[in-house]
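> Listed in order, the protein sequences are those of chains L and S. Read in this note's numbering, the first sequence has 61 at position 15, and its numbers run on one by one without any break. Read in this note's numbering, the second sequence has 304 at position 200, and its numbers run on one by one without any break.
Don't read these hints as lab results, they were simulated from the structure. Remember, it's a predicted structure, so these values are computed and weren't measured experimentally. Backbone N, C-alpha and C fix where the C-beta goes; we use that ideal spot for every residue, glycine too. Please note: incorrect hints may appear among the correct ones.
Unchecked claim - Stretch by stretch, here's where chain S covers chain L in the computed footprint (C-beta under 8 Å, at least three residues):
{"hint": "1", "region": "64-77"}
{"hint": "2", "region": "90-99"}
{"hint": "3", "region": "124-135"}
{"hint": "4", "region": "178-186"}
{"hint": "5", "region": "194-202"}
{"hint": "6", "region": "238-249"}
{"hint": "7", "region": "285-292"}
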Amino acid sequence: MSDDLVLARRDRVLGAMAAAGLDVLVLGRQDNTGYACGMRRLWTAGTRPFGAGCIVVGATGRVHALSSWDDGIEPPMSFDDLYPLTWNPRIMAESMAAIDGLAESRLIGVDELTPSFQRAASHFAPRAEVVAADNLMAGVRRHKLPAEIEAIAGACAAAAAGVDAAVAARDGADPAAAAIAALAAGGVTVPSSGVQAERRDGGLAVDVGVIRDLYEGGVGGLFVDSRRAGSAALTQACRADASHNDLSTAATSPDWLVRGLGMGFEQPVIGPQIGLGEQLEAGMVLSVSDGDRRDVVHVTADGAAILSKRL
Amino acid sequence: MVDLRRMGAQRLARLRDQMRAQDVDGAVLLHDPHVAYASGHVGAAVDASHANHRRAVAVVGPDGPVGLHAHDSVDAAASSVAELGDPLWPELDDGAAAVGAAVAEVLGDVAGRRIAVDGITGAMARAGVLDRAELVDAGRVLGPARVVKTADELDCIDRSQRHTERAMVAAQAACVPGATRSEVAGAFLAALRHGDPDPGSDHRNVIDPIFQPMPARRDGGPRTSTGHVAFPTGVDDPVFAAGDLVWVDAGVGWHGYMSDFGRTWVVGRDPTPAERSLFERWMAVLHASLAAVRPGATLGDVGRAARAVEPEETPWLPQFYLAHGTGLESAEMPMIGTDLGPGFDDGYPLEEGMVLVFEPVVWSDGVGGYRAEEIVAVTGDGWRALGGGHHYEPFRT
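All chains, please: the whole structure from these sequences, using the hints.
The structure is reproduced here in structure tokens:
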């Protein structure tokens, strides 16, 4: 990952903190941590309990992260910006106390709240109020930088190689296993939504969602005689200023979803029962599902640019 | 044979025992393992960003069905204790009011009542969901409920471990000079889909499988805060070379229950006498530890038994443990030898039904280290192994 992208994202986070009057940001979400400092770590599935995975301090401009080693971190972060993994809350409190600017902070933003973190914060930052800042991160991530668009297109190409391999699998072979092997041959073993493949409706319904270098890519469809079925109308409707109504009118399946895609699943989220007040904006990148068919698009001033390979 | 209905009913009874004992009136659960324990529902093994947005939510009252709201399909037998409601979007401001309504449907007005919760999203906070309740961490009721497993839970871990071991045969065959980590991982992930003894209840991979070539010296890898080696880093895609000592670590869920596979492989050649000696010492640590495992023995007793055979250096990685539990999470209590310290270990007695995954490490600087994992359940008078007794090739066949 380029140093410029790591720095550009961090500057966006620091800028949003300053605008919101936040002294400190404590991030528990792995994707938010990746955004703030570019850190890569071992992938595990599913939700995680909230904890201080990453701490951004406005006054120093430094980003600190939970890790016992310096593998997977990106400049300008260094070993000195890390605090080690511990099972012991007392040791964690000592690590917090050693972070410049945390003890005297007045307003701490978090991307999730728990009763135990509220208690802990009253010790390591006794004068601070703890507030939800998930929407600050969602807001910053909503519009993509050019280098992010490139990274997403690369992840989409990796996902497409998985779809191609599934479609090429002979009758009797397991198309999902073929997709998994093809992805791994391209160096990709981390799923976003993963590989789904099912023979039905006279064809193969396949969807592949992966994460490559922290960014998500995906593509899917029902393939009949190796050609993708379904309508591209919803994809084409993803223009700047498109409303919930515009999207729901364009959708051809009751099972449709338009949602942000970047360092994983992001906002906005627009579907039959959700996101009724949302409006698309130029700069967003969206995963657009209409039944089995899924593409990734970049909303530009000139319309929807498809980032997933045209299958 | 696992009885999913019985497992669900017994888990919920244990959770409610803890709620009663701690005067907790209700639980609002958003963390996957908590939702699974209370409701039986196990979602797809997807990235956390997907799991966070498409969260399953379980609401538990003192009696009656658990309120379950899930985006993924729900297995009727596994979730027989639950009543299914509409999917929720607790991450979105748009979805917060529906979360409040789902809580009220099971618990009524929560004002002034003691409610266990494992996470409050920003949207829930802004909407004031749970604002007037007295909140406690859900781990306080889930933790003690989960630590002793039912017979069905132990069977799930056993099944998951055996399936993981089968898939590792393909991975080990692929781990040859010139292969990349991701190719070996791909062989493992593809093999997980084959030979599932119970089609329809698939095994779900929950950790990007680790095949990490280890340095021969402690200072031969990334800089660490412990002075020992960095493991598992999980961020690179190395190419294996002949003679690499590869530490293997993988976890797969079956009905949510996690296997934990660990071995050390040697790429492209037989182990040297010095490497074999590491393995023999590792086996001695395992046997000494297991000899101390019985109900009533403390975690401290087991840790001391392990240290007694390796008096010069603690035979496990300093940032981790000699052993940890497994269940709906791949590293849960009881943990032996962590930085919680000897006081914690000496105050924690083993009970029948607890699970221990032993993962000692024996290191000799310049030679490298041997690491593997073995899962046991504590029985009435000792322990029994879970999994199929996977081989230790190339160290012992």
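> Each of the hints needs a verdict: does it hold here or not?
These are the hints, each one checked on the structure:
1. 64-77: Since 3 is at least three, the answer is holds.
2. 90-99: holds (count 7)
3. 124-135: Per the Cβ count (7), the hint holds.
4. 178-186: holds (count 4)
5. 194-202: violated (count 0)
6. 238-249: Held - the region 238-249 of chain L has 3 residues with a Cβ nearer than 8 Å to chain S, which meets the minimum of three.
7. 285-292: violated (count 0)
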